[in-house]
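What the sequence shown shows, in the numbering used here, is residues 9 to 263, in sequence order.
Some hints could be false.
[Said to hold, decoys possible] Simulated DEER-style distance windows between Cβ atoms:
#1 S173 / V54: 22 to 30 angstroms
#2 A49 / I153: 42 to 50 angstroms
#3 S97 / H62: 38 to 46 angstroms
#4 L243 / F84: 30 to 38 angstroms
#5 G261 / S173: 17 to 25 angstroms
#6 A34 / P155: 20 to 28 angstroms
#7 G184 / Q81: 20 to 28 angstroms
#8 S193 / A49: 40 to 48 angstroms
#9 L243 / A220: 26 to 34 angstroms
#10 A163 / G88: 39 to 47 angstroms
#11 R167 / A49: 30 to 38 angstroms
[Stated by the list, open to error] Lysine-lysine pairs mimicking DSS-like chemistry, simulated, CA-CA at most 30 angstroms apart:
#12 K144 / K240
#13 K61 / K260
#14 K240 / K102
#15 K260 / K102
#16 K61 / K144
#17 K144 / K102
Simulated from the structure, these hints should not be mistaken for lab results.
Predicted model only: the values in this text are computed from it and were never measured.
Backbone N, C-alpha and C define an ideal beta-carbon position, used for all residues, glycine too.
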Amino acid sequence: MVLLVDMGNTRLNMAGWEGGSPVFSAEAPTDRGWNAGSCAAALARVLAPFGVKHWSGCALSSVVPALTDAVRQALFSVTGREPVVLGTSNIGFKVLTRDPVGADMLAGAEGALARVPMPAIVADLGTATTFCAQNKAGDVLGVAIAPGVALSLDALVDRASHLRSIAFEPPGPAIGTTTAESMQSGVIYGAACLVDGMFRRMAAEMDTSEGAPSLILTGGLAPLVAPYCETKPLLAPDLLLEGLYRCYLRAKGEE
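Start from the sequences and build out the full structure, keeping to the hints where you can.
Okay, here's the thing in C-alpha cells:
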C-alpha cells in the first residue's frame, strides 16, 4: 500500500492507495511547530486505526516549504520508504507560467489529466481558492488565486463586530432574513458564483479552437458548493491525491 500525503496550509489530507484506488483516507491539522519527530508521532497516531503493517511506498505534496523536510523525514520514519516529493520533475505536463506553480495545483492538474478530456480548468476550494487552466495537451497555462471560503469568513467575523461565525451548511434563500441566513447565502452562493464567474472568464481567454474546457471542482468545501454552481462542475474531492499517486507511479517508473 502507498501512503499519500497532501500537506496544505491548514491540514494534511492522507490516503492509503492500493490497486489504483483509495483504501482509506484521514486528515490532521497542519502544525507549524512540527519537527520530524513530532510529525512522525502525529502521523502514527492518525494512521494507527487502519492497521497497515507494510508500506510499499509514500509520496508527499506540500505547499508549506518550511515543513516539507520535517514531513518528508516523518514519512520515512513511519513507512520505512523514502517519499517521492511532488515537483516539476515527476509531472506529465509542462508549466507555461512565468512564476512557479504550487504543488497543490500541480497535483490537481495531474489528476485532471486522468479524469476529463483536455482542455480543463481545476477549481480548488482550499485555504486559498485556486483556478488552474490547462490546454489541450494538459499543459498549465496559468492560474488565478483568491482567498479561500473559510479564510474569507474568518476575516469577516474578525473585522465585523456584529457578526458571529456560522456553520458551513446548505444555504436557504439568497435573500436572507436572519444574520445566519444572510451569511450562509453570501458565503456559499458567493463561492459558487466565484467558481462560475472565474470559469467563464478563464474559458474566454483560452484557445477556442481546442474546444470548451471541462471544469473540475475539488477541495474540502467542494461537495457543499458544487450543487449551487450553474456551470455544473465534475466533483472530485480526491483529485489532488489521485494526481499525487500518478506522480508517484511516474517517479517509480510504474506508470
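Structure-based check of each hint:
{"no.": "1", "hint": "S173 / V54: 22 to 30 angstroms", "result": "holds, 26 angstroms"}
{"no.": "2", "hint": "A49 / I153: 42 to 50 angstroms", "result": "violated, 33 angstroms"}
{"no.": "3", "hint": "S97 / H62: 38 to 46 angstroms", "result": "violated, 27 angstroms"}
{"no.": "4", "hint": "L243 / F84: 30 to 38 angstroms", "result": "holds, 34 angstroms"}
{"no.": "5", "hint": "G261 / S173: 17 to 25 angstroms", "result": "violated, 48 angstroms"}
{"no.": "6", "hint": "A34 / P155: 20 to 28 angstroms", "result": "holds, 27 angstroms"}
{"no.": "7", "hint": "G184 / Q81: 20 to 28 angstroms", "result": "violated, 48 angstroms"}
{"no.": "8", "hint": "S193 / A49: 40 to 48 angstroms", "result": "holds, 42 angstroms"}
{"no.": "9", "hint": "L243 / A220: 26 to 34 angstroms", "result": "violated, 19 angstroms"}
{"no.": "10", "hint": "A163 / G88: 39 to 47 angstroms", "result": "holds, 42 angstroms"}
{"no.": "11", "hint": "R167 / A49: 30 to 38 angstroms", "result": "holds, 37 angstroms"}
{"no.": "12", "hint": "K144 / K240", "result": "holds, 20 angstroms"}
{"no.": "13", "hint": "K61 / K260", "result": "holds, 21 angstroms"}
{"no.": "14", "hint": "K240 / K102", "result": "holds, 27 angstroms"}
{"no.": "15", "hint": "K260 / K102", "result": "holds, 19 angstroms"}
{"no.": "16", "hint": "K61 / K144", "result": "violated, 42 angstroms"}
{"no.": "17", "hint": "K144 / K102", "result": "holds, 12 angstroms"}
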